[in-house]
Amino acid sequence: MSTYDKSMALTGEPPKSLSISQKIATILGLSGLGILLLAVFNVNFPNKVLWLTLSLLAISFGIIWFAWDAYSNKLPGIKNDGVWFKSISSRGLWAWVAGLSLTGFYVVLYFYPEYLGLVSNGDNKGVIGLFDPLSKLLSGNPASQWFVYGTLYTVAILAFGIKFLWKYRHNRYERLRTFSVMFFQTAFAFIIPELMARLNGHKVLNGGSLPYFDLKNVWPLNYYNFEGYRIKGFLSSGDIGFALLIFAILSIFVITPILTYKYGKRWYCSWVCGCGGLAETAGDSFRQLSDKSTKAWKIERWVVHSVVVFVTLMTTAVIYSYLGTDTSKYWLTKSTFLIGVAVLLTMVFGWVMIFKRDQLQKDAQYGAIGYFVIIIALIGFHFFSGEGQVFLFKSETLRKSYSFLIGSIFSGVIGTGFYPIFGNRVWCRFGCPMAAILGFQQKLFSRFRITTNGGQCISCGNCSTYCEMGIDVRAYAQKGENIVRSSCVGCGICSAVCPRGVLKLENGPLEGRIDSNQVLLGNDVDLMTLVNKK
Amino acid sequence: MEHIVIIGNGIAGVTAARHIRKLSDKKITIVSAESKYFFSRTALMYVYMGHMKFEHTQPYENHFWQKNRIELVEGRVSHVNTEQKAIQIDGAPDLNYDKLIIATGSKPNKFGWPGQDLNGVQGLYSKQDLELLENNAPNNKVCKHAVIVGGGLIGIELAEMLRTRDIPVTFLVRETSFWNGVLPNGESQMINEHIQEHHIDLRLGASLKEIKPDENGKVKSVTIAESGEEIECNLVGLTAGVAPNIDFLKDSGIELGRGVKVNRQLETNIKDIYAIGDCAEQHVAIGNRRPIEAVWYTGRMMGEALAQTICENPMEYNPGNWFNSAKFLDIEYQTYGWVFSERSKKETESHFHWRHPKEKICITIAFHKDSETFLGINTFGIRLRHEVFDRWLNEKRTMGFVIEHLADANFDPEFYKSFESEIISKYNKDYGKSITPKKKNLKRIFQIS
Chain L
1 MSTYDKSMAL TGEPPKSLSI SQKIATILGL SGLGILLLAV FNVNFPNKVL WLTLSLLAIS
61 FGIIWFAWDA YSNKLPGIKN DGVWFKSISS RGLWAWVAGL SLTGFYVVLY FYPEYLGLVS
121 NGDNKGVIGL FDPLSKLLSG NPASQWFVYG TLYTVAILAF GIKFLWKYRH NRYERLRTFS
181 VMFFQTAFAF IIPELMARLN GHKVLNGGSL PYFDLKNVWP LNYYNFEGYR IKGFLSSGDI
241 GFALLIFAIL SIFVITPILT YKYGKRWYCS WVCGCGGLAE TAGDSFRQLS DKSTKAWKIE
301 RWVVHSVVVF VTLMTTAVIY SYLGTDTSKY WLTKSTFLIG VAVLLTMVFG WVMIFKRDQL
361 QKDAQYGAIG YFVIIIALIG FHFFSGEGQV FLFKSETLRK SYSFLIGSIF SGVIGTGFYP
421 IFGNRVWCRF GCPMAAILGF QQKLFSRFRI TTNGGQCISC GNCSTYCEMG IDVRAYAQKG
481 ENIVRSSCVG CGICSAVCPR GVLKLENGPL EGRIDSNQVL LGNDVDLMTL VNKK
Chain B
535 MEHIVIIGNG IAGVTAARHI RKLSDKKITI VSAESKYFFS RTALMYVYMG HMKFEHTQPY
595 ENHFWQKNRI ELVEGRVSHV NTEQKAIQID GAPDLNYDKL IIATGSKPNK FGWPGQDLNG
655 VQGLYSKQDL ELLENNAPNN KVCKHAVIVG GGLIGIELAE MLRTRDIPVT FLVRETSFWN
715 GVLPNGESQM INEHIQEHHI DLRLGASLKE IKPDENGKVK SVTIAESGEE IECNLVGLTA
775 GVAPNIDFLK DSGIELGRGV KVNRQLETNI KDIYAIGDCA EQHVAIGNRR PIEAVWYTGR
835 MMGEALAQTI CENPMEYNPG NWFNSAKFLD IEYQTYGWVF SERSKKETES HFHWRHPKEK
895 ICITIAFHKD SETFLGINTF GIRLRHEVFD RWLNEKRTMG FVIEHLADAN FDPEFYKSFE
955 SEIISKYNKD YGKSITPKKK NLKRIFQIS
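For the record, the sequence lines run as chains L and B.
When you line the first sequence up against this note's numbering, it's residues 1 to 534, in that order.
When you line the second sequence up against this note's numbering, it's residues 535 to 983, in that order.
Check the hints yourself; a few may be wrong.
To be verified - When the alpha-carbon atoms are kept at most 25 Å apart in a straight line, the in silico DSS-like pairs for lysine-lysine are as follows: (1) L:K479 <-> B:K601; (2) B:K644 <-> B:K561; (3) B:K561 <-> L:K479; (4) L:K86 <-> B:K587; (5) L:K79 <-> B:K678; (6) B:K644 <-> L:K74; (7) L:K74 <-> B:K678; (8) B:K570 <-> L:K74; (9) B:K892 <-> L:K79; (10) L:K79 <-> B:K561; (11) L:K479 <-> B:K960; (12) B:K977 <-> L:K262; (13) L:K74 <-> B:K861; (14) B:K894 <-> L:K74; (15) L:K86 <-> B:K678; (16) B:K570 <-> L:K79; (17) L:K479 <-> B:K570.
Since the hints were made in silico from the structure, they are not lab data.
Predicted model only: the values in this text are computed from it and were never measured.
If we strip away everything but chain B, and leave its shape as in the complex, we get:
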């Protein structure tokens, strides 16, 4: 029986295992140093905040693995021997494989800051990071002040977490506005305001110069490069993005870039070795996507595609329209298609922006300046229906069509106030149009005749 060994039990590795099991009887082993059972990394923040217990982050009950004949090995893989098709594991016996799937995810970026390895300096990615945070910042007596470095999704999550324990937080963001490499200005500005509303000391245009220790080798303060200001703190959260977690592959002969280099079938340069999820790097980026996609659902999709390939049905990883979502403190964010920030958008990309006069709700719709083809949408505080936007993107609908049918795409809970008429009248005013909104139609939404 063919033995499939998967390194890493995150969403990518586990999805691959589940689908291989669905399609075949192969022997499957998952090796993980982080945790015995699969858990949802995205939910770690809720454990610290007391919304959930750790066990609630595990999507499958513990008996699931045995029932589906997926063997779990706890240990850290230290070496891959591609000649003998074997892996060495710290904490467990060596394993031989017929096919090997590398799904080891990411690790927090460190950019060589002085003091970055001090006690009290940490990232937020793994279960161990969460445990460390519980030690470093259990309450506002032990942790009187925290500084977070890096204005991205993890940074704002960490700030939210610490605030639930009333720990004062200073948030250093290198950019001139929060996440404005990704978000258009209007949205980025709104999130700036929301961060401050939550009593987080947001410092824009501020980057880390160095972290200073106290006499015990524990963090004492950080210095801001731009202003030279020194801020005393007991915790430094390094949240300046993540990089593939592939150090153990350095001498394995597997081709590495920033991540494990793979082709569209997720194969590495060595036969029978594959890489999926955050640690995989495409030779050529797919569409507007990045070569390394550290997103929950892309990990899942790579796992699904690879399971097909491994079960004798060769298949490319072929993601459809881009989408994503996040939550910034109390504000939900969804995106479908591509909306680029002012910093990175092409000249042909035009933006229509609407923001609620009082509440923290806004949308931005991107379209082609000349053809008025709809390119993508960002919404904050409004939920949208994935299927509808996926369809509209596939059908290459125009801006006029999207605006007219906006009610069809709303996914807010029932009885929520909807803002389609305000949005449409702003659009009509901005562009001199006279579009009237169509009423929500179940037949169109669910595509039934």
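So here's chain L without its partners, still in its complex pose:
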């Protein structure tokens, strides 16, 4: 390998330098961040409204100006020139600088919000204090570290969204999808929940308080959605609260399976989801960094499905912990709930093992059986051990470990902090239990596939290189095989970068969805039938 790569070493200076406009744009954007940084170090800005506005505008316009300069003078088409020459997008020095800064930011955000100026009793200081006026404008409450994060997150999706819209201005699928994530982030994740907070205590909620609820954030991505305090909040908030709780339950059990059946998991992962939204916009420059090896794929399958098991156990234990035992008080008791969970899991397991077994790899079957036995045994533990315990651990221990390991470290620190090193979908690929459940539906029960166009593939590898989920798309395309993979989020970039028009994301009949051809179209019919006959 070594001699091999050296000979390809770039002796010259390929186009990787920034134009003067781009340099100024970068300085503008960084100056916006600089204002925030000064606030972190408790520089007291006399006029918070003015300085916060300046900061957010500088960040946004820095990004937008940079993008305008990069794309406006070029014809519509694929814009990947120099991606592997630029330090930031090829794991160079700037990538590490960006990765470490982001990671540091997440560590502070999750574990040391007091350094950002969070004050629990009294006025916020620092950068959180800077955001107070905006927060009060929206929800009437002072800002928290999550409000700061949510605002910056939305700004990133909007500004980098505009960049993405220019970059792919020739591609309507990409444009519509990007408008969609920009809309859902701004409206559903940011503005609506803040405005909903104004209703708290109001008589339409019977004086109750709704928990902060991003309506599109479905369990298990929103792993805390069914925790005790939230259920209380929902149930104390009259008909609206009850409707929201029902909506949260229907979301995972009814709405998502139907939409995934019809359109594949892309309807969520690359059209609606906030994590996906950030990955597709701010993370777009890093999609080529995902690992395409079969080894990475194997690790992905085990890790992401283990997270599903973990979140299922954790949620079951948490709900179990606040349910009662007396049927006369409330129909749902610890026992009925556990029996319900067991029945549901058994039905899913049985359906897969009876009808869909041939679509699972050997290790997937072993994994499914193993995990199923463990969950059922743990549920059984309740009935044999008498009172109080389920799953050996206290529900609170499970909840806290999940929240720390998966909710903070995996999705934030690694998932987003390491965009410039591991690619933009690390969390979605290896960690997100929602993506795993939707992927499971997509693989086994969906009309979605990426169709390979007969014999046109030239094995160039653009599709695999730019697949953010690390799918070796070419491996299928060059065999003339459709791509039906649980991890595919349907971003459509493989199809966009293909120079020969080989790939098309589409929803079609289940019949013939997974077709494995040994010989591609183009040869005479006899040879095709002969070789395809196994």
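With the hints as your guide, set chain B onto chain L.
Chain B in isolation, oriented as in the chain L frame:
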């Protein structure tokens, strides 16, 4: 155990090896002077452009070869001894074979131009050519100006590559319009415009007279034959087509024409020696195809067919309907069936042409003048479904049918604007018809009842 030796690890040789492995336990060895592992030649341009790293052009992971018991030998085959069934390799020990497959691909054409071997003059075909280009044209300081000679697919790719590094490019095309030996006029004209849009100095009707050196034996300028104009440059790209890479077989006794002569079973005149891919030349051309087909997928198909023959299931190379695709800068091109240019089409071949009033999108459909049988289609900026057109060609559909069902064949990404109604109304106007378009139908597309 029978030993199959394959010379060349391009798409043809590697496909043959993979299919032989699928069908048998024979010992397989691939010899290559170009690279240890198979890579996709068509993707070399993207490495120079920074879209991919070289390793991304390799379709199989490095452990694939050992796992499938395909031995890889690095070295250049210098001689084939057909008597003793042995090959001599520069850089590796000799090998004995039971069956030999020649899959050595092509090399860039040189037509004896003065100065064609100067430093700074090169083709673009192999991995080594790419490395050379990285030396000759790393940036626009070392390479202040480049001249490309030969208006074909590789020429326009090379122009695109150099432009990504802001190197000024003059593109000499001998024909009066880009690739108009293959493309009908309307399309060729549109590509001319697109080339100029990309700030490439396109010179039509201009051929190379000579390449002049500077005092160090490096290229200094080229002279155009027609105008006598001299253009200073630091790089000359020779992209006037390719020819089979078979010089090492000259005294082997294997029958050669321009390529290695083979029959439909891909056998040469010598028993147990076969040739596939770009270097194979059919005794008699198949259909409208050329005797030597230097196309990615034909190499693959020959490999598939030959693997059957070698594994005791004799089979002819029997390509189906012609198809191909390419990308001209930002414009994708696909073709199914035969659409000939004005220069080479028969009198019975009629063309229907539609071009978008503003964007660089157009189609040409060829049909038989009298019977109105559909013959082929070219599209630029519109993707088409291979299976649908393959079926229509097999079913010998009429022009009316194709026009009516055009929506079924569209393969553009979802939500793309489609142009079927514009295309059909132009057709109706041109030919006095009143065809109404049928809506896209999944059942027809996927052939389910």
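**Q.** Hint numbers not upheld by this structure, sorted from lowest to highest
**A.** 2, 6, 8, 10, 11 and 16
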